[in-house]
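Which chain is which? The protein sequence lines are A and B, in order.
Heads up: the first sequence begins at 1 in our numbering, then just goes up one per residue.
Heads up: the second sequence begins at 1001 in our numbering, then just goes up one per residue.
Worth double-checking, as some hints may not be accurate.
Stated by the list, open to error - Per label pair, the in silico range of CB-to-CB distance:
#1 A36/A - E1288/B: 32 to 38 Å
#2 K1248/B - L151/A: 34 to 40 Å
#3 D61/A - S1176/B: 51 to 57 Å
#4 S19/A - G1125/B: 32 to 38 Å
#5 L1284/B - R101/A: 47 to 53 Å
#6 G1125/B - K154/A: 35 to 41 Å
#7 K1248/B - A36/A: 30 to 36 Å
#8 A36/A - K1158/B: 20 to 26 Å
#9 L57/A - K1034/B: 51 to 57 Å
#10 T108/A - K1292/B: 52 to 58 Å
Everything labelled a hint here was simulated from the structure, so no lab data went into it.
From a predicted model like this one, the values you see are computed outputs, not experimental measurements.
Virtual Cβ for every residue (Gly too), placed ideally from N, Cα, C.
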Amino acid sequence: MKTVLNEQNRRNFVAQVESMLHDKLSKCYQCGKCSAGCPVNFEMDYTPNQIIKMTELGMEDTVLNSKTIWLCVSCNTCSTRCPKGFEVTGIMDVLREIAERKGITSKTEKEVQMFHEVFLDNVKSHGRIFELELVGKYKLKTKHLFRDMFLAPKMLEKGKLKMHGETISNLNQIAKIFKDFE
Amino acid sequence: MKLAYYPGCSLKGTSFEYEVSLLKILEAMGIEVKEIPDWNCCGASAAHSINHNLAIALPARNLAIAEKDGFESVLAPCAACSNRLKNADYELKRDDILKKKITNSLEMPYDSEMSINNMLEFLIGVVGKEKIKSMVKKPLAGLKVASYYGCLLVRPPKVMQFDDPENPVTMDELVSLTGAEPVDYSYKTECCGAINSLSKPDVVMALTGKVLYDAKNHGADVVVVACPLCHSNLDVRQKEIERKYEEKIGLPILFITELLGLSFGINPKDLAIDGHMVAADRVLKKIEELSK
Ligand code: SF4
Ligand code: SF4
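With the rest of the complex left out, here is chain B (with noise of 0.2 Å):
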């Protein structure tokens, strides 16, 4: 199957440790992904939020590139990218009035016909749970664990057709796989404040500092997720909201990826660990502690 790679803005600035992990992972798993050529931003929620035609046309250039280069499957690793393209997808499905117009606009024809995955996806449906569990060799076994989603990997569920929008399950199924403890809190599906974290902050802080307390009181070592925004809000923020609610948190975030790359025995550098704001390092040496 012909994979095509869309990886956004984020992954090529504030959040390349995610890049960098899943391209590890995938090469170490022998799976090959292409970068849809020239690609360009979704718009993200700039772009629904204010215009909701842009909003399609944006991620439907993607589409029908990767389209048109034969692909038949697209992987999304950013949870708001794959949103977007998702949503572009479902409103040219069933809006033909629009569809027509941005093919005219785009010049290239959209038959709709590739799946498109974000990160937990692609992982369990494209490579496989036995593919994952064959390459753990070093289990984290000890290690615990809690997998935040966030909103936009399983919301809105009539387009996303992703896991359970209220109790999800699939990153956990992937940390059990490496052999660390899920751990089972309350915030998992709670918005993190995503795309207001420059311009409200205030807001930000308190909506991420719930799912972070939350998280460390049910015991996490730490906490794993599969999105730039809500990465960005949970790790570059954590210093600023210990700061504001004068308690201290000390959770490493990590992206799924690299949780997994760790499992295989791949070297923290290699997956850009030390790119964080929120030093893993305990978090490593507890690894390292267990699997003696």
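Chain A extracted, bound-state conformation (with noise of 0.2 Å):
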């Protein structure tokens, strides 16, 4: 594990997690009950309260090529539960935006990376979720060409599938959001 020495680069790093976050990596006292509950915590390289330390000391290149942070689901059970009211899971959605605008692209975990690009493109392109594109879209740029395919003829059957998506009337306001905070 490579420890940081350059103390202004960790400064400056917990200074942009910090603000990007609202909260202080201070706060967090190790006591470890955040990833005691974490349900993927099986899966995880680092847990969430080192992931949290690590940050506080600096350790840039280790916590943005974790497979923690997108490994995380998000489900809140750490923020939730941790006695100082950190933002736990806020941390993983500010590394994991911290990642993708350096353009790390996650060694072990790309898929999940991936799924979140493909789908914003979806929301982009119609406004709305076209779940055949996405799907279809998802699994051309991952490869996985016939991973799930066993369930489409059955989705198809049901409905579940529509054939056709839905694009929103004022597809321009969209494109402007996206140009103003992409």
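If you follow the hints, you should be able to join the two separate chains into one complex; please do so.
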């Protein structure tokens, strides 16, 4: 594990995270309650409380490349239970957003990341989600063409897969939102 | 009161059963809701996962349109949508700078004066228990129902402001109104894996499996939900979970609106109950037998 020696870099990173988070990392006293209740802790490389400590220590590369930030399903169990009221779920959002902006692609969890990207592209194109197109594009991008395909016939029969999507009338406004905030 | 309806994308696609059944029961109760004109996707989990501002701006457009049209209250039956709408409203209230940026971008004001309700909140708070009780024509006495809340209805509590985040009871109360028996079990607020259904199916099956087996082991005949993501994971993935863990589950997953509809005596077909992947035939038969 790489430890951080440059104090200025550490401070910059902590300041960036805290301003996006609207919360202070020093609030966390490492009790571990967040990690104990996290439903996906068994798959993570670092527990949520470790991510918090490593962020505070300025271990930027390690947290931004962790599996944990992409495995987190934003269930909010951690934040709800934290005795200090720290935004644990929020820090996962913030670290994902920083990783995304830096163009870091997760080595092990790129499917999760790609799903979010394809999802937002779909919103940008139609203003609403067209599920069939979303799934198709996601499969092309991840090359998992056949995974879950066995579900399709029955879903079609049940009327769960619509063949046509809806596009909103004021798509210009959606384009503007993306232009201003993407 | 002028009531806005924000369906969201799932209710127009994979979870159409939810929309069909909720509109049916509202019609039966004489409650009128109007779809927000030209609504857009709330951005769901994808937006907040990688872009905070987009995650506020996308739902904000829907809220601003509803407010402009004079609605006083918004019903967002999808738990993920109601979570995102409430979250946007919360952030716009606390962050003036972001609010300015967003209302400028939308070219619409927003005053945060509407109440935003998930399905359970709407049924208990806007419709009211008395009204619902008066509609029950065919009590479901003897049916054992496990309410599954998942994450998004109750967490984070400071934003959702709804029920108890560790031990919610609202859906169980609605179940009791139908005459059915609420099942007490351990996983009612455990996460089903939600958004990662397509990208991490194995993790999702592990989480969803725990919920299903626990509900079943506590004697449930059926599980009720108020979230299309929960429904997809519990219903669509159930066969695969049975195969993976080599143990039959066979639990039909109904939306709370369908269970209410059945107790109102509405035909199951009109509630789109045949739209689920796990057939509810056995439960429907049990209801018929119990009512004899
Ligand atoms: S529960 Fe809160 S205080 Fe405890 S380790 Fe997690 S974030 Fe820190
Ligand atoms: S929000 Fe993320 S980190 Fe927190 S408990 Fe849920 S999955 Fe774990």
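Okay, the hints, checked on the actual structure:
Under the hint 32 to 38 Å, the C-beta atoms of A36/A and E1288/B, about 45 Å apart, miss the expected range. The hinted window of 34 to 40 Å between K1248/B and L151/A is violated, with their beta carbons roughly 19 Å apart. The hinted range of 51 to 57 Å is satisfied by D61/A and S1176/B, whose Cβ atoms lie roughly 53 Å apart. For S19/A and G1125/B, the Cβ-Cβ distance of about 36 Å falls inside the hinted range of 32 to 38 Å, so the restraint holds.
Here the CB-CB span from L1284/B to R101/A is close to 51 Å, well matched to the stated 47 to 53 Å. Hint check: G1125/B to K154/A, Cβ distance near 37 Å, so the stated range 35 to 41 Å holds. A C-beta distance of roughly 32 Å is found between K1248/B and A36/A, which places it inside the suggested range of 30 to 36 Å. Under the hint 20 to 26 Å, the C-beta atoms of A36/A and K1158/B, about 21 Å apart, fit the expected range.
A hinted range of 51 to 57 Å for the beta carbons of L57/A and K1034/B is consistent with their spacing of about 53 Å. In this structure the hint that T108/A and K1292/B lie 52 to 58 Å apart at CB holds, the actual value being about 56 Å.
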